[in-house]
Amino acid sequence: MSEVMSDAQRYLDDLDRLLRTADPADRAEVMLSVREHIDVAVAELGHEPSDAEMRRILADLGTPAQVAEGALGAAGDRPSPAPVPPATSPPASPTRPALAGAWVPPVAFFALLIGSLFLWGVVPVLALIAGIVLVCASPLWTTAQKVLAAAVAPLLIALPVILSAVMYLQLTRVESSSDQGITESSGGGSPIIALLLVGLVIAGICLLVATWIAGARASARLHADAEPVDTAPR
Amino acid sequence: MVAMDGAVLTHLRRGVVEYCVLALLRSGPTYGRDIAQKLSADGILMAGEGTLYPLLARLRNAGLVHTTWQESSAGPPRRYYELTAAGSGAVESFCRTWAPFRDAVDDTLGES
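Protein chains in written order, with numbering that gives the first Met the number 0: chain A, 0 to 233; chain B, 0 to 111.
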């Protein structure tokens with residue numbers, strides 16, 4: 000049961016995230032109705048839904064993006080209570096949930112990576128800020144994932160780079176009065192520290208890669224068949 | 000199943016499908032899911048059953064429908080929707096407007 004219900008829960012979580020920018024009352028109402036829809040569909044089955052049955056129920060609903068679209072583009076489209084057709088000026092294309100496209104995860108990845116690695120440049124700092132804002136504003140990631148990507152990963156990458164630079168500078172100052180050649184910049188005589196710092200950077204990069212993958216999957220999930228498809232009569 | 004252009008279809012649905020929802024309610028209070036299944040059966044009026052719910056939220060905000068809960072013996076309590084007086088008026092107005100509009104479009108399209 001838990002596997003199947005987690006499909007439903009993930010659908011609802013995706014929908015909830017996409018509705019973040021919608022009117023709060025509309026958001027609550029849509030979530031409530033869709034939950035009820037799923038509960039009723041499951042109850043009608045009369046038994047625990049199989050994977051295939053749950054997928055069918057969710058597919059019949061449409062993708063989270065399709066459902067959310069109706070709530071997002073609608074702010075100005077209220078039908079008037081007077082018997083007058085709604086005065087809508089529909090956009091040329093349907094409103095898409097913002098910052099949920101396939102471009103978001105790779106752009107965020109590179110912005111965060113470059114920004115964290117080269118923190119001493121103005122452009123990388125801007126890239127880092129842009130990456131953080133993008134990740135935080137996008138509905139593709141959960142809050143936990145956002146914290147990992149926007150705070151933990153940059154720290155894991157940037158701190159070792161900064162520490163190495165600091166140690167390198169101290170080292171060269173100390174040794175400028177001696178004849179020894181410049182040793183490993185992150186060493187200072189301790190390969191263990193060097194390995195540790197490299198390890199942290201690698202961990203940070205892996206975290207960003209995982210963030211990219213999670214974001215790409217979420218985007219695909221949200222937009223599968225986002226265009227209205229010709230469905231065969233049921 | 001005739002091929003239809005996705006973007007055009009979406010464009011056409013706006014402003015029209017909500018009146019179809021209201022029209023379905025003329026026969027009496029209906030469960031959300033029943034409305035969804037009727038309207039999405041052929042995939043023309045709605046893309047997925049879930050797209051009904053934001054629409055119902057809008058109709059409710061506009062005072063055209065109101066909702067009540069009903070306990071169900073088999074399963075969770077369900078919400079069902081019914082037309083308000085304003086909703087009734089809106090659907091009448093749409094019906095009066097739609098037939099001439101549809102005919103005009105057909106005539107124009109048929110003229111080429």
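One or more of the hints may lead you astray.
What the hints assert, rightly or not - Just a few of them, taken from the derived set where beta-carbon distance is under 7 Å, the chain A residues facing chain B:
#1 D15
#2 A42
#3 L44
#4 H46
#5 E47
#6 S49
#7 L60
#8 G61
#9 A213
To be verified - Just a sample of chain A residues kept apart from chain B, beta carbon distances all over 12 Å, derived:
#10 L18
#11 A21
#12 H36
#13 L57
#14 A129
#15 V151
#16 L199
If you are wondering where the hints come from, they were derived from the structure by calculation, not from laboratory data. Note that CB positions come from ideal geometry on N, CA and C, so glycine has one too.
Hints and how they fare:
1. Hint on A/D15 is violated. Least Cβ distance to chain B is approximately 13 Å, over the 7 Å limit.
2. Restraint check, A/A42 versus chain B: the minimum CB separation of about 3 Å is within 7 Å; hint holds.
3. Taking 7 Å as the C-beta cut-off, the interface hint given for A/L44 is violated, the closest approach to chain B being about 10 Å.
4. Annotation: interface hint on A/H46 violated; nearest CB of chain B at approximately 13 Å, more than 7 Å.
5. Annotation: A/E47 was flagged as interfacial toward chain B, and the flag is violated, the nearest CB pair being 14 Å apart, outside 7 Å.
6. A least Cβ separation of about 18 Å between A/S49 and chain B goes past the 7 Å threshold, and the interface hint is therefore violated.
7. Hint status for A/L60: holds, given a least beta-carbon distance of 4 Å to chain B, under 7 Å.
8. Interface restraint check: A/G61 against chain B, minimum CB-CB distance 2 Å, threshold 7 Å, status holds.
9. About 24 Å separates the beta-carbon of A/A213 from the nearest beta-carbon of chain B, more than 7 Å, and the hint is not met.
10. Not every CB of chain B is more than 12 Å from the CB of A/L18 (nearest about 9 Å), against its label as outside the interface.
11. With 12 Å as the threshold on Cβ separation, the claim that A/A21 sits away from chain B is violated: the shortest Cβ distance comes to roughly 8 Å.
12. Not every C-beta of chain B lies more than 12 Å from that of A/H36, the closest at about 5 Å, which undercuts listing it as non-interface.
13. A cut-off of 12 Å between C-beta atoms contradicts the statement that A/L57 is not in contact with chain B; the least separation is 9 Å.
14. Interface exclusion of A/A129 from chain B stands, the closest Cβ pair being 31 Å apart, more than 12 Å.
15. Every CB of chain B is more than 12 Å from the CB of A/V151 (nearest about 35 Å), matching its label as outside the interface.
16. The Cβ of A/L199 sits about 44 Å from the closest Cβ of chain B, beyond the 12 Å cut-off, so the non-interface label holds.
Going down the numbered hints, you'll see the structure goes against 1, 3, 4, 5, 6, 9, 10, 11, 12, 13, while the others check out.
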